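Engineer: Numbering (the numbering used here), first residue to last: 579 to 756.
Read the hints as simulated data drawn from the structure, not as lab findings.
Just so it is clear, the structure is predicted and the values come from calculations on it, not from any experiment.
There may be inaccurate statements among the hints.
[Claimed, not checked] Okay, derived cross-link-like pairs now, BS3-like style, lysine-lysine, Cα gap no bigger than 25 Å in a straight line:
hint, residue 1, residue 2
1, K586, K725
2, K633, K586
3, K589, K697
4, K667, K697
5, K713, K589
6, K586, K713
[To be verified] What follows is a set of in silico ranges between Cβ atoms, one per label pair, in the way DEER data are often shown:
hint, residue 1, residue 2, range
7, D638, S730, 35 to 41 Å
8, L670, P711, 38 to 44 Å
9, N746, L664, 28 to 34 Å
10, K725, L664, 27 to 33 Å
For glycine and all other residues, C-beta sits at the position ideal for the given N, C-alpha and C.
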Amino acid sequence: MIQELKIKNFKSFRDEVELSFEPSGDDRYNSVVTMPDGVQLLRFAVVLGANASGKSNLLDAVEFLREFWNNIPATNDDGTNVQPFLMRKSALSYDTEIEIKLYVDGIRYWYQLTVNPEKVCREALFVYLTNRPTKVFCREDVQGVSKLTFNSTVAKLSPAEVDIMTMNCLRNMSFLPY
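Take these sequences, add in the hints, and give me the full structure.
Structural biologist: Below, the structure is given as structure tokens:
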């Protein structure tokens, strides 16, 4: 269940936009689900806006993440399929940023992605084992090479395993299929 989605420099969104499923103070029409950690989330949300204001592009961001997580490119030369903000040429020089906080089997995760059409610049996953996020992994592009780091309390991996994962993680794909 999604708690929050933030996108920046994606399709029709140049500036950061946030879609939150946490209820506001007005509880007249709230239909909420209480997560195991006590956080309340709306069962559904309504997005209103004029034609061509970006409503569908919010869903496209979620679809992009789903495709990005589940598809492994054939080669390192394939693009990432991200579509940055196209209404101003200067925006093409900036990376797209997507963050999502979600619950899977009652556990809260926070995923961060910085990507451009050619490569993943940064990718990180955090898990909430307490009230504070704990890093599971972080991947950063360092001079064209992905550098993976793991939290040893969450993921117990040998240096050899990290090396193999680093070699197999293409610059244009998510680390999550591993």
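Engineer: Could you work out which of the previously given hints the structure breaks and list their numbers from low to high?
Structural biologist: 5 and 8
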